[in-house]
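> Here is what each chain is made of, one letter per residue.
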Amino acid sequence: MLPPAFDNLIKSLSRLPGIGRKTARRLAFFLIDSPELGKDIASGLIDLPLVNNCRICGFYCSVDSVCSICSNPSRNSEILCIVTKPQDMMAIESSGSFKGRYHILFGNISPLDGITPEDIKLEELEKKIAEDNIQELILALDSTVDGETTSQYIFELFKDSVKISRIAAGIPFGGELEYTDKITITRALSRRTSLDD
Amino acid sequence: MDKVDAYISKKVQYGESDLILHLITKEMGKISAIARGARRSKKRFEAGLSNYILYSCSLGHQNRSNLFLLKETSIVKSFQFLLNSYRRISTAAYATELTALFMPENQEEPLLFEFLNHNYHLLDNPDFSPAVLVPRIMYKILELAGFPPQLDRCIHCNSLMPDTGARWGFDNNQGGVVCPDCGDLKPIVGINELKWLVAEVDELKNRRINRREYNNIYNLLSSFIRYTTRQWLVSEKFLIF
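Order-wise, the sequence lines are chains L and G. At position 118 of the first sequence the residue is numbered 118 (the numbering used here), and the sequence of numbers has no breaks. At position 118 of the second sequence the residue is numbered 118 (the numbering used here), and the sequence of numbers has no breaks.
Simulated from the structure, these hints should not be mistaken for lab results. Take these hints with a grain of salt, some might be off.
Stated by the list, open to error - No farther apart than 20 Å at their CA atoms in a straight line, the calculated lysine to aspartate or glutamate pairs in the EDC-like style are these: (1) LYS22(L) / GLU213(G); (2) LYS186(G) / GLU213(G); (3) LYS42(G) / ASP181(L); (4) LYS43(G) / GLU178(L); (5) LYS163(L) / GLU124(L); (6) LYS10(G) / ASP113(L); (7) LYS11(L) / GLU16(G); (8) LYS42(G) / ASP18(G).
Said to hold, decoys possible - Quick look at which bits of chain G chain L covers, simulated, 3 or more residues with Cβ under 8 Å: (9) 39-51; (10) 148-155; (11) 230-240.
What the hints assert, rightly or not - If you want a taste of the chain G side facing chain L, the calculated C-beta under 10 Å gives, among others: (12) SER9; (13) ALA93; (14) TYR94.
Please read all numbers here as calculations on a predicted model, not as lab measurements. In this text, a Cβ means the ideal position worked out from N, Cα and C, and glycines have one as well.
One chain only, chain L, in its complex shape (with noise of 0.2 Å):
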């Protein structure tokens, strides 16, 4: 019933994460009544090859391929943040209470999943090291089974060579200790600091 471009636009759409097809039907339905929406989104995709990773950091960044944390001279550049993911760094570059450098990975090691230190930037993280002068590396990774895999494994691999620290883990500032679980009242007791610090 419908033309064969929107009904392509429809199947496009549905393939999106979290969109079925009737709310690809709805979206479809509004761009065609927005059509210079639809021409601002066409143009974003159209654009999209030209985003790159960062060679540094490993960040996306336009076709100059060293991203603007990279390429800041006024950041930290003996300071590395290691996180799992572009988002994971964006959420502390938010916070703007880390004036370091990052290295994404790009994935968790989980032996369980079979995905190996190999599958992760490791290797591209060994040669910062002993090429940059890096003095620190943060370990800032998820609070999970296969992000602790990960910090334990890197951990292991660098101790000898730089100083090595990873981000508090705790109850979360604005949480109650009643609604907590146990896994995290235990690592926030056995991780406490003192009120000196």
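Assemble the complex: chain L is given as a structure, and chain G must be docked to it using the hints.
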């Protein structure tokens, strides 16, 4: 609704926010369950349904599906010391995957479950080296699953392996050692490794094997498991000795 204690052996993302879990349980053997909305909300699923944690699981049945419905989980036991070491994590992963491989589906198998549970506790104990546990885990799981390799007597003539430092070959097809009179196999294993392999955990401090003996017994069991199951365990390549 059923309530079982379980370890998660595998997690598969399903749809937008669901997870399909392979669970190792005491009461029902290996089962699969779907946790609806588990990736979106952790409220009903403590610690986000992680591996290497013993959970109490509330299960429901679904119409027209073999998958159980995982309604809620709570932590029975977490293993914090285990999670502080890459070697311990990779050994726990291997023990979990190997147990899942031999665990029957939807059938009570308390011994295999208890053995896995016991090894999680050992791996959480700073007194035990994970490397020491690996071949013993392999041997015991084979034994509990009904595939014990015959290591003390020749599989053909039944003669006892002598206590003289002699080493015998191993026949994967027959599942046992072969004396020099019965076959010309490459000598691999001796009595010292066998005694170490079957010793109680408490006796290990007094019973040691060298690196070569360790590698031999590990390689023998690894090869026998692959031969018996025709499967390669993904977690095996993570083991560090």
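> Quick check: which numbered hints come out false for this structure?
1, 10
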